[in-house]
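Dock chain B against chain A, hints included.
Each chain, letter by letter, is given below.
Protein chains: 2
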Amino acid sequence: MECNYYDILDFQKLEKLWKINFINSITGFKPANLIGTRSKNNKDNVAIFSSVVHLGSNPGLLGFTLRPQDERQTDTYKNLKENSFFTINSINIDSIDKAHQSSKKYTNDISEFTELNIEQYNYKKFNAPFVRDSDIKIGLKKVEQHLLYNKCILVVGKIENIIVNSSIIEKDGNINFDKSKIVCISGLYSYYKPKLIKKLNYVKS
Amino acid sequence: MECNYYDILDFQKLEKLWKINFINSITGFKPANLIGTRSKNNKDNVAIFSSVVHLGSNPGLLGFTLRPQDERQTDTYKNLKENSFFTINSINIDSIDKAHQSSKKYTNDISEFTELNIEQYNYKKFNAPFVRDSDIKIGLKKVEQHLLYNKCILVVGKIENIIVNSSIIEKDGNINFDKSKIVCISGLYSYYKPKLIKKLNYVKS
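Listed in order, the protein sequences are those of chains A and B. The opening position of the first sequence corresponds to residue 1 in the working numbering, with each subsequent residue numbered one higher. The opening position of the second sequence corresponds to residue 1 in the working numbering, with each subsequent residue numbered one higher.
For reference, chain A alone in the conformation it holds in the complex (with noise of 0.2 Å):
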């Protein structure tokens, strides 16, 4: 195959948005998820995040990163540090548009559920707003968050409830995304919508 090299050294002559959507896709296929919070004056905020990760089943624990919140905070950093609830909900093929607009900063006072038209949903007490129309939805708690390198914030979560809509759970517990329209980003702002190829088994190790 034909390959093109970048060393260390290149890096700082590549053109800036250039090297910003080459470095945020090379990591591959991203899950697309909004997670929704609340402030604790009940203003609620949903935003698109692609970096939620799968930390431990038992107890179920996920994680997110956000971006450096020295110069400015976003509003799900702000909401996180007065409720410690939110909830990570799955996109779909048709709320591509409107989840991909709740990047933009609205100035606080405005829920990106009004201003997006995002249906929010609430789930008996639980303390942070869902979004109706995912096919999955979890509820979690802040448990404990970590500056990084970069000055990035890890946010840890534990799982409170789920709510999956039941036609795309397979018997063994996973979730059938064929069944689904769930999608998944590559780089900042491509969606794809994948396919099943091969279900294989776990692999003891």
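Don't take every hint at face value.
As the list claims (entries may be wrong) - Dumping the calculated DMTMM-like pairs for lysine to aspartate or glutamate here, alpha-carbon to alpha-carbon at most 25 Å:
hint : chain 1 : residue 1 : chain 2 : residue 2
1    : A       : K40       : B       : D7
2    : B       : K78       : B       : D44
3    : B       : K105      : B       : E82
4    : B       : K195      : A       : D94
5    : B       : K98       : A       : D172
6    : A       : K179      : B       : D97
Unchecked claim - Covered stretches of chain A, as calculated for chain B (at least 3 residues, CB under 8 Å):
hint : segment
7    : 19 to 32
8    : 55 to 69
9    : 77 to 88
10   : 151 to 163
11   : 184 to 193
Note that these hints are calculated values from the structure, not bench results. By construction, the Cβ of each residue, glycine as well, lies at the ideal position given by its N, Cα and C atoms.
Leaving out everything else, chain B in the frame of chain A:
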């Protein structure tokens, strides 16, 4: 939509394997990568990971998580203690089976490259092994690690070099995955091939 609801108290009642499959698949799609490391005695190791996450573009910074290492240390973890350099390599359709088998525990003296017939690639004097067939190969140096809530470890690495199949790089720096055979993972053993649905624009936030 008809939904299944699981509250934190229900989690304990779920059958163990069902629960592992379920909690591993609810975050959506995960990148599929082979991580290559080298011990101080020049023993090479390669293992599959679905937890690679983008952390920053300037400097280029990526992370990935390791399972808890207190009971048994993996070769990836041990090698990274001895030698900070590692590689992240994409997985394509044709190599799913051998990549998947790399999650098996081999004894320290066995190289998965040899055992699984994964062809190794060395680049200049970079002190970790790449995977020859991978369309995207990234060389990194570990800069820090974080012990997380459940004893998982987040390893953070700075990108030192990038080698990419020339035919899949777009003019704007994005990878065009439709021109590659690169796959993603859901859960522990389901491999998906994504197809581009929509490329939007960067939303200035």
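task = Return the numbers of the hints above that this structure violates; sort them in rising order.
result = 9
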